[in-house]
Every structure is written in structure tokens, then in C-alpha cells.
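Q: Spelled out, the chains give:
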Amino acid sequence: MEDRILTLVTFFPLIGAVLLLFVPKERDDSVKSIALIIAFITFLFSLMMYSMFDPVANGMQFEVNIPWISTFGISYHLGIDGISLLLIMLTTILSVIIMISSWNSIKTGVKGYFISMLMLETGMLGVFVSLDLFLFYVFWEAMLIPMYFIIGVWGGPRKIYAAIKFVLFTMFGSLLMLVALLYLMFMYHSFAGEYSFSILDLYKMPIPLGAQTYIFLAFALTFAIKVPIWPFHTWLPDAHVEAPTAGSVILAGVLLKMGTYGFVRICLPMFPEATLQFVPLISILALIGIIYGALVAMVQRDIKSLVAYSSVSHLGFVMLGMMALNVQGLEGSVLQMINHGISTGALFLIVGMLYERRHTRMIADFGGLAKSMPVFSTFFMIASLSSIGLPLTNGFVGEFLILLGVYKANPVYAIIGATGVILAACYMLWMLQRVIFGKITKPENEKLKDLDLREKIILIPLVILIFWIGIYPKPFLERIEPAVKNIVSIVNSSRTASEAGMSKGYKCVGDRCDTHTFTTGGK
Amino acid sequence: MDIKSAAIFFDILYPEIFLLAVGMFILVVGNVFKNRTLLAYLSLAGLVGALVLTFQQWNAPQSGFYGMVQIDNFSIFFNVIFLSAGIIATLMARDYLRAHGIERFEFYPLILFATVGMMIMASSADLIVIFLGLEIMSIPLYVMAGFFRNDPNSNESSVKYFIMGAFATAFLLYGIALIYGAAGTTDLRRIMTDLGYLVSHSGLFLYSGALLVLIGFGFKVAAVPFHMWVPDVYQGAPTPVTAYFSVAPKAAGFAAILRIFIYGLGGLNELSVIFWILAILTMSVGNLMAIFQTNIKRMLAYSSIAHAGYIMVALSVGGDGAVSASAFYLLAYTFFNLGGFAIVTLINSRSGSTAAIDEMKGMSVRHPFLAALLALFMFALAGFPPTAGFFGKFYLFSEAVKAGYIWLTVIAVMNSFVSVYYYLRVVVVAYFGKADEEFAPVSFKPAIWLVLVITAAGTLILGLLPQFGLQLAQMCMFSFK
Chain W
38 MEDRILTLVT FFPLIGAVLL LFVPKERDDS VKSIALIIAF ITFLFSLMMY SMFDPVANGM
98 QFEVNIPWIS TFGISYHLGI DGISLLLIML TTILSVIIMI SSWNSIKTGV KGYFISMLML
158 ETGMLGVFVS LDLFLFYVFW EAMLIPMYFI IGVWGGPRKI YAAIKFVLFT MFGSLLMLVA
218 LLYLMFMYHS FAGEYSFSIL DLYKMPIPLG AQTYIFLAFA LTFAIKVPIW PFHTWLPDAH
278 VEAPTAGSVI LAGVLLKMGT YGFVRICLPM FPEATLQFVP LISILALIGI IYGALVAMVQ
338 RDIKSLVAYS SVSHLGFVML GMMALNVQGL EGSVLQMINH GISTGALFLI VGMLYERRHT
398 RMIADFGGLA KSMPVFSTFF MIASLSSIGL PLTNGFVGEF LILLGVYKAN PVYAIIGATG
458 VILAACYMLW MLQRVIFGKI TKPENEKLKD LDLREKIILI PLVILIFWIG IYPKPFLERI
518 EPAVKNIVSI VNSSRTASEA GMSKGYKCVG DRCDTHTFTT GGK
Chain E
258 MDIKSAAIFF DILYPEIFLL AVGMFILVVG NVFKNRTLLA YLSLAGLVGA LVLTFQQWNA
318 PQSGFYGMVQ IDNFSIFFNV IFLSAGIIAT LMARDYLRAH GIERFEFYPL ILFATVGMMI
378 MASSADLIVI FLGLEIMSIP LYVMAGFFRN DPNSNESSVK YFIMGAFATA FLLYGIALIY
438 GAAGTTDLRR IMTDLGYLVS HSGLFLYSGA LLVLIGFGFK VAAVPFHMWV PDVYQGAPTP
498 VTAYFSVAPK AAGFAAILRI FIYGLGGLNE LSVIFWILAI LTMSVGNLMA IFQTNIKRML
558 AYSSIAHAGY IMVALSVGGD GAVSASAFYL LAYTFFNLGG FAIVTLINSR SGSTAAIDEM
618 KGMSVRHPFL AALLALFMFA LAGFPPTAGF FGKFYLFSEA VKAGYIWLTV IAVMNSFVSV
678 YYYLRVVVVA YFGKADEEFA PVSFKPAIWL VLVITAAGTL ILGLLPQFGL QLAQMCMFSF
738 K
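Just so you know, the protein sequences line up as chains W and E, in that order. Residue numbers are given in my numbering: position 356 of the first sequence equals residue 393, and the series is strictly consecutive. Residue numbers are given in my numbering: position 93 of the second sequence equals residue 350, and the series is strictly consecutive.
Hints should not be assumed to be uniformly reliable.
[Stated by the list, open to error] Coverage of chain W stretches by chain E, computed from C-beta distances (three or more under 8 Å per stretch; other residues unrestricted): (1) 104 to 117; (2) 182 to 190; (3) 229 to 242.
[Unchecked claim] Sample of chain E residues with no beta-carbon within 10 Å of chain W, all distances over it, derived: (4) F282; (5) D444; (6) E527; (7) P642; (8) Q728.
[To be verified] Okay, the calculated beta carbon distance ranges per label pair: (9) W/L237 x E/R623: 46 to 56 Å; (10) W/I459 x E/I534: 52 to 62 Å; (11) W/I74 x E/E363: 52 to 62 Å.
Bear in mind the hints are in silico, worked out from the structure with no lab data behind them. Quick reminder that beta carbons are idealized off the backbone N, C-alpha and C, glycines included.
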């Protein structure tokens, strides 16, 4: 079981998607139920994996390594550590929730929609479990296809523009990543005498700083577009606003985390010297993102684009914490990835519920909802406060750890970053005030139905998680810790090495180690 | 050199002879025999039989006709591509020709003869025999382009193809003459052995000859700036013929280029500059022009130009790796490009169709499965994993990176980025078009289903489990090096 569990979790949704192909398309209800059952069983498998996971063990667990394209040393190599474990759990939970949330909102092309969702789930899980860089790339790209359809077919009025923009932005980065990938492949060949795409093998390879900088830039650009780090964020508001609710939840909850995960899994440990070089640049971009995202969110009239811009701000925190390159910062960063998935996911779901009732998302169209929809307003309040980072909610733990770590690394960044928390309170509370408090100004808002059972079922697990992580984060943090310590120690050892004039074991004289030639060259 | 090459040895050309015989037979009985379907089956049987005969030659290099013909894994790999393309085109053609009322029996022998020409091109180790193969291939193709006898577009296509083709052939022949002048032989093996001597004694003739030969084949594989004929010819020709054009003659052209420029003239490293200039021009012009097309056949014409450019990226590197990578890519491209064309053929079989991209509107509602396949082929053309299009590009570009052409690879991937836009536009129309627009149903015939299944399977298998294809491609080498 140990060696099959990852394959099972990753590909079970895909099997479900294939199964759905054979369900007649008129039978919407069966399609929905099967998709939900598949997502739920996947979640159960992931729970099983969670219980089997050894929290104190160092290194990768449940590793599978089967040769796939042996000519190039490409293998089907899976394995997880604490970081990927939590992201997988987040993905499987959110997948169940979005299946329920799409129950009534998707009316056309039901079958195609649920097939796309299940394929998307496999794609996302695949990114988190891959330990082979080629496999990682395949999942990374393949995942674009279902997401493209989800935005493009079931999206809002400007869906085509948003879908194409989403794909083109992501493709631009990942094609450069492909070139870097090929370069790494031959570099590893001349280092070890054989081909390997194993991320763990590539960690061990010393890369001269000059080449490392370029490869780092190619990978970092790809991930930065996905995160998105300012100024590469322009696709995000479009994609969020046009995507259907479930698409936004997945986009914010999981897809963006693929970018930050890429940084943690690949950029930091594989190119530590280059990372150290770029810490100031990325930190400053993250700070700009925090402030810019918050300020732009403040002036949004549409609740959904407010939440979308708040994501830019929150992901800025994640990047800032990561760039502290110490245990607290990185731990906070990873925890905040999960937190953002939960609270922003909940916010998008809530906005979707509102939209289903009123067919508008304009802040000005609402007011006084607390009177007509008390339960809804309570959930909205909790999700917003967790997004702000109020103590006792998950957001607080994550942001606190991030700011702590950043303060240790560079107090100025921490002080500037902390203003982002204040700004978050401004835009969130101001929005809440206009939407759920005050007098009911519009007659349409008087008789809105409060949440029904299905909607409560969707939100309750997220609220539980919000408080669980907020009050007792230990089980989560203790699983992240070994992995985080591992990455921090790789970066730190290269920091001390580069201070001593060594580059990950290579002695560099001037620029000499930067000119790299392959021993496998062709003609 | 083995003893066999000192004599004729007809047996090494069994597949070609068999095809030729079947073609002749159909030509003879076609006049008497009115059952066209049976003739189509006969021609299919011929192609499949030749395929089986070809497989039997695998891994047993032979040479005959005094060394002019060389059967090695290289030629066999390409012959399989030509035969597969021929089979798929024949399957696509029957229903299409019938739907348009031009089901004339000559069509099938023409495909067979053209295939024979290509097979000879890939199997020859002598410039004159390559030229002979090229002519055997080209003349049936000119006729096939004009198969709509009463349609001015088709006539234009045919005449344009013929004139441009003849023009290119003249260049080629002149180039061969110059090389002969320099080397005193047209035998590629002898040219290869004496290359160092030849360069120092008659370098000017050799280089100008090589350039002229390259121009000649540049026309055939549609490399920019020799691509002007492509869009009009592709648009005017019957769609299954276009499909065939976009794959088979291109692969044949590349087979000849590989044989001449990597084997015979492989020592002329300076030519690499010409190749990468051609590669950049071909990719960029093909992709940029494809963006503006509203007709899907024209779009695929420019896209096929762009794909030739990707292959030339590997060619500018040279070496064995380039041969394997190009061969693998051409095999993969055969599947996904013909798959795309099969769907265009279906759309184009409806009356009044001009193959505008907009005709795909509403396809996902009426024929969800067909739309899904269309998406698969478009994503493969754009190079998305896990399709063959991705792995093919991975392999091609890896050769360039290996030799240090990183900047060229960056240009290539940026081109592939541009291509995503126009391939996705087709998917956009098929999926995101307004639901109220009616998509006139297409009539499915078993043959087209077979084509779709073969091409989709090829696209997925070469993408997901490329190891076997990869090994074959790596065995795809010239004998006698």
C-alpha cells in the first residue's frame, strides 16, 4: 500500500473522469453524483495517506520510482514530504467542496464540466506528488487544458479573453522552463554521466553560479506568473472574475499554490546561490504586491474582484515569508498557502452563493444582508476575518510566523509587510460594512433566502479548518517542519559556502566555473 | 561495403515493386470495373502489404543497384511514415471524394505511385536516384491537387504546385550537376569519404551545389522563403490531398535532406548557419502568418510550415541525434496533423463548406466526441503534454540544447508560444461559440472513425509512452557510415 497510495490518490479522479465518459449526458444527476463520489473517495484515500504519513521522518515518503522514458532518465517518480502532504489534503478537500458547490450552478454541459474538474484534480495532485522534473512539467502543463475549458466554457461574459490570457501567460513562462529543463538534463549528464530528471538527484548537482542564475530565472519566471508575483499578476483578476465559482475556488485555492510550491520544491533547494542573489528583488516585488493588491482591492466595486486582488496581496505574504529563508518564515509561508486556500476558497464560495441569489456581485447592490440572511452573514464574517488574519483564525498563525521570520531576516521588510495586514482589515471590513451591515437599501435584498443545507455543508468544513489551524496549528506545523528545515539547511549551507568562496562544492576562479560545456555535445 | 551492393538485387525493393504492381493493376481494371469501393480497398491492401514487407526489412541493412539504393533503418522508418500517411489519406479520401462527386478510380493509384516515389527518395544513396524518386512522387501529387476538375481553385492549386515544383526541381538538378562537377560522382557515400579533398579542391562548386540542392528541397518541405505556394495549394486541393501533402512529401523532403546533408555532405559544418537561418525564418513566418488565417486549411498550411521550422532547428545541429529527433517528430506529426485534417475533412464534406474556421461553431454541442478529438489534435499541434506533440518537441529541442544552441531553442519555444494562440482559437470556436448557432451535422463513415482512432491513439501513445518509439527512432540510422 505504501508505494501505491500516491498513485491511487493522484489518478483516482482521472479514472473517475474516464468513467463519466460512459454516462449518458442527459442524466445530469448521475453525472454529478458520480463525480462527487469519486472526489469523496479520493479525499478518503488522501486521509488514509495522511494517517500513514510519519510526521517526524525526514525526507520523502511513499516514494515510487519506475523508469518511464529511460533514454532520457525520465521516471515515474513520486514522493511527498510534509509540504506536499498538506497541499494534497487541501486539494482533495476543496475538490469535494466544489463538486457540491457546482451542483446547481452549472446548467449546461454538466458532463463536460465534471470531467474537466476531475481531470484538473489529477493534474494538480500530480504537480504536488512529482519528484521527477519532467513529470512535474507534464502535470504542470496538462493541468492548463481542463482549467482552460472550465473558464472558457462555463465562465462569465468575457470568458474567452480570460481563458486565453490565462493559458498564454502560463505557457510563456513554462516554455522558458522547458529550455531550462533541457539544459539541466545535459548538465546533469555531464556531471553524473547519466541522465536523470529526479528532483532529488538534481539537488545534489553543483551548478556554476552563472548558469544557475539563468536557470533560476527561467523557473522563477514560470512560478512567478503562476503565484502571481507583481507585476505578473494581470491575468489573475480576469481569470477569477470570469471563472465560474468552483473555478475561482480551485484557482485561488490550489492553482496559485503550484507557483509557490514550485519555488519551495525547485528554486530554493536546487538553485540556492541564485536564490540568495534574488532575495532582495523578490522580497521587494512581494512587498509591492502586498501593498498594491490591498490598495486595488480597496477600490473594487465587484466583491469577486476584491477577493481576487486580495489574493495578490496574500500571495505577496507567502513569497515574503519564503524569502526570509529561515524556519519560521518558510513554515509560515507554507501554512499561509494552506490558509489562503481555505479562507479565500470560502470567500469565493460565499460570493458565488450571493451571485446565485441576486445575479450581481456589485457591493453597491447589497447592504443589510445580516438582517435577511443571518447565517450567511456569519459565515461571511468568519471567512473575512480569517482572511484579515484575526487571532484565533488560521490567517493569524500564518501571517504571524511570516512576519516573525521576515523580521529576523530583515526588519524593514517586516515593518512594510505588516502594513499589509492593516490594509487587509481596511478593505475587508469596509466591504463587510457595506454588504452585510447597515440598513437594507434595496427591496430585492429583503426576501433573500438564507443558506440551505447544501450550502452549509460546503462551508462548515472550511470554518472548522479556519478555527482548527487558528487555535491548534501544531499537527500541521509539525508535519511541515522536517521538510522546511531540510530546505533551509540546504540554502544555508550554500550561503556559508558562497561566503567562503565555494559554490556548492565547486571552486570558482573568477568566471571560469561559469562557462559550462557538455561532454555529450553533438556535432 | 557488402558484396550485395555490387549487383542489382531487385528483392530489396519488394515493397516498392509490390505497390507499383498494385497501382498498375488498379489502373488496368479500374476502367472496366465500376465498383470504386473495392478499388479503394484494394489500394489499402496494397499499402498495408507494402507496410508488412517494409517491416520485414527492419534491422537488416542491404544495398543494391550498384550501391544506389540503400535499405537501412533510416529508410524503413521513413517508409513507414509514408505508408501510414498513404493509408490514412486513402481512408479519408473515399467518403470525401464520394461526397463531392469526384470519386474517380485514378485517385488510388496516384497515391500509390506518389508513395513509391517517396520510398525511393528515402532509400537512395545517390543524388540521381533521389531526384528520380522526387519526380515519381511529384507528378502524381500535381494531378491530385487538381482533382476537382471543375473547380478553379483546385486548378489553380494544381498549376501553381506544378510550376513551383518544376522551378524547384530545376534548382535541385542544377545543384546536383554542380556537385557532380565538383566530385565527379553522384554517389553520396563516395562524396562523404572524399569530402575533405573535395572541399579543398573544388569547394566553390560543392558549396554552391549544396545550396542549390537545399533550395530545391526547401520548396518541397515548405521552408521560408520557399513557401509561397503552400497556402494556395493547400487551400485549393481536396482536403484529404491537402492532408497528404502536409505530411508525406514533407517527410520525404526531410528524408532526402537528412540523407544528403547529414550523411553525404555532413562534413560541411558551415551549412549549419544556413539551416538555423532557415529554421528561424520558417518558424517565425509560419506561426505569425497562421494567426491571421480565417480558413482552417490555410491555417494548417502555415502551421505545417512552422513545424518544418521546428525540425530544421534540430537539423542545424546535425549528427545522429538530429536524425533520430527529426524522424521521431515526423512520425508524431504524421499522427496529430493527419488527425486534425481528418476532422477538417469531415467538416469540409458538408455541402457548401469552404473550411472556414467559423464552421466549427457549436461543434461541442452537436458532436462532443469529435470536438474533444479536435481539441486533442490542436493541443498536440501546440505542443501540450501529454501528447506526442510535446514529446516530439522535447526531443527536437533537446538536440539543440545539447549542442549549445540555447538561444535558438529560446526562439523556437517562443514560436511555439505564438502557435498556442491560433491553435486554441480553433478550440475556442468549437467549444465557446454561441450555443444557439446550429452546427450542421456531419455524416460519419466507418473509415473516418478508423482514421480518428488511429491518429488519436498515435498522438496519445507517442506522448504518454514514447519509450518504444524513441528506441526505434534511435535505431533509425544510416547504414555504412
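Q: Taking the hints in turn, state whether each one holds.
A: Verification of the supplied hints:
Requiring three or more residues with a Cβ within less than 8 Å of a Cβ of chain E, the coverage given for the segment 104 to 117 of chain W holds, as 5 such residues are present. Three residues within the 8 Å Cβ limit are the bar, and the segment 182 to 190 of chain W against chain E gives 5, so the coverage statement holds. As drawn, the segment 229 to 242 of chain W meets chain E at 0 residues by the rule of a beta-carbon pair under 8 Å; below three, the given contact is violated. The non-interface label for E/F282 is consistent with chain W: the shortest C-beta to C-beta separation is roughly 43 Å, beyond 10 Å.
At roughly 23 Å, the least C-beta separation between E/D444 and chain W is larger than 10 Å, which holds for a residue marked as non-interface. For E/E527, the requirement that its beta carbon stay farther than 10 Å from each beta carbon of chain W is met, with the minimum near 12 Å. With a cut of 10 Å on Cβ distances, E/P642 falls inside the contact zone with chain W, its closest approach being about 4 Å. Not every beta carbon of chain W lies more than 10 Å from that of E/Q728, the smallest distance being close to 7 Å; the non-interface claim is violated.
In this structure the hint that W/L237 and E/R623 lie 46 to 56 Å apart at CB holds, the actual value being about 49 Å. Checking the proposed 52 to 62 Å range against W/I459 and E/I534 shows it holds: the Cβ atoms sit about 58 Å from each other. Between W/I74 and E/E363 the Cβ separation comes to about 58 Å, which falls inside the hinted range of 52 to 62 Å.
Hints 3, 7, 8 from the earlier list are contradicted by this structure; the remaining hints agree with it.
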